[in-house]
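> Letter by letter, the chains look like this.
Protein chains: 2
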Amino acid sequence: MYRIGELAKACKINNDTLRFYEKNGLLRPSDRSDSGYRLYSEKDKEILQFILRAKGVGFSLAEIRELLSIEVDKANNACADVKELVDAKLLDVEQKLAELTRFQTSLTRLSEACCGGEESAEHCTILAALESDTSQVRHEHHHHEAS
Amino acid sequence: MYRIGELAKACKINNDTLRFYEKNGLLRPSDRSDSGYRLYSEKDKEILQFILRAKGVGFSLAEIRELLSIEVDKANNACADVKELVDAKLLDVEQKLAELTRFQTSLTRLSEACCGGEESAEHCTILAALESDTSQVRHEHHHHEAS
DNA sequence: ATAAACCTTTGAGTTAAGTCACAGGTCAAG
DNA sequence: CTTGACCTGTGACTTAACTCAAAGGTTTAT
Numbered sequence: 001m002y003r004i005g006e007l008a009k010a011c012k013i014n015n016d017t018l019r020f021y022e023k024n025g026l027l028r029p030s031d032r033s034d035s036g037y038r039l040y041s042e043k044d045k046e047i048l049q050f051i052l053r054a055k056g057v058g059f060s061l062a063e064i065r066e067l068l069s070i071e072v073d074k075a076n077n078a079c080a081d082v083k084e085l086v087d088a089k090l091l092d093v094e095q096k097l098a099e100l101t102r103f104q105t106s107l108t109r110l111s112e113a114c115c116g117g118e119e120s121a122e123h124c125t126i127l128a129a130l131e132s133d134t135s136q137v138r139h140e141h142h143h144h145e146a147s
Numbered sequence: 001m002y003r004i005g006e007l008a009k010a011c012k013i014n015n016d017t018l019r020f021y022e023k024n025g026l027l028r029p030s031d032r033s034d035s036g037y038r039l040y041s042e043k044d045k046e047i048l049q050f051i052l053r054a055k056g057v058g059f060s061l062a063e064i065r066e067l068l069s070i071e072v073d074k075a076n077n078a079c080a081d082v083k084e085l086v087d088a089k090l091l092d093v094e095q096k097l098a099e100l101t102r103f104q105t106s107l108t109r110l111s112e113a114c115c116g117g118e119e120s121a122e123h124c125t126i127l128a129a130l131e132s133d134t135s136q137v138r139h140e141h142h143h144h145e146a147s
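Protein chains in written order, with UniProt numbering: chain A, 1 to 147; chain B, 1 to 147.
None of these hints come from the bench; they were simulated from the model.
The following label-pair restraints were derived from C-beta to C-beta distances: (1) A:PHE20 / B:ASP87: 29 to 37 angstroms; (2) B:ARG19 / A:PHE20: 30 to 38 angstroms; (3) B:GLU112 / A:THR101: 17 to 25 angstroms.
Over 10 angstroms on every C-beta distance to chain A, these chain B residues come out as not near it, computed from the model: (4) MET1; (5) ILE4; (6) GLY5; (7) GLU6; (8) ASP16; (9) GLU22; (10) LYS23; (11) PRO29; (12) ASP31; (13) ARG32; (14) ALA62.
No residue lacks a Cβ here, since even glycine has one placed at the ideal position from N, Cα and C.
Can you build the whole structure from these sequences, using the hints too?
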């Protein structure tokens with residue numbers, strides 16, 4: 001079991017961030033000590049790492065809360081609802097992947113062109129390096145009620 | 001040439017967001033009308049779409065500003081500096097790609113397990129579906145001075 | 001047994017990224 | 001030649017996601 005400071009240090013975040021996540025329903029410590037200290041389990045740590053990774057790839061805390069809440073009710077199989085959410089998130093992820101792949105291509109091209117010599121003049125900005133197929137820009141304004 | 005409202009509508013963002021991006025050095029309209037109205041070119045629109053895509057995959061405006069500023073000084077070849085920045089961003093992107101790919105795998109697994117039947121009980125949460133190789137969590141605190 | 005380093009709660013402050021409000025100028029249509 | 005939809009600037013407000021401060025309880029080390 002980790003105390004708050006230990007877990008925070010291990011994951012390089014602030015103690016207050018952990019309290020904040022708790023208050024916002026993202027990560028509740030598995031236990032409390034007799035004196036009220038938060039006690040986090042190994043599994044709690046994994047959840048936290050999941051949260052941090054998800055944040056890193058652009059999910060909001062509200063979205064992450066949703067992701068974490070995905071859990072098939074084994075007794076009643078409320079599967080359909082879950083699948084819907086999962087598939088929606090999957091679409092999000094695939095869209096992000098597509099965008100990122102394009103960024104990767106562009107940046108790679110730019111990097112290669114860069115110190116290659118004088119023939120590189122055409123690909124000297126990100127924008128020039130980006131394929132100009134900008135058709136797929138998407139915007140969603142899901143308004144999940146947050147904390 | 002687009003006026004602010006036209007471009008904003010075309011890209012499904014707020015007029016004020018465009019003014020905000022301008023104030024923060026992300027997108028300056030190519031021209032102004034005689035009466036002072038902002039006039040955006042087709043290229044401006046592409047830049048905006050770039051910004052929106054970059055935002056979508058988790059880049060901050062400060063990072064996007066950096067990305068946009070990547071431009072090889074063709075006369076003086078300040079190539080080395082540029083390459084360094086590009087390669088740093090490339091690393092970022094590749095890391096995000098790796099994370100996202102794992103999310104994709106997990107979500108796919110979850111989706112498939114979900115309405116598959118009763119043997120799916122093991123993969124009923126994101127966390128269960130995630131490979132437990134959580135070793136690679138990374139945190140960066142670049143402090144680019146923002147606008 | 002007392003200081004130092006931890007933890008508790010409540011509540012206020014900060015930063016990034018918008019978003020809104022206001023007072024007024026512009027322009028196309030009737 | 002005025003009405004309505006658009007634009008201008010400046011500045012205040014909002015939201016998400018922290019981050020800090022204050023007042024006090026707990027644990028460990030001397």
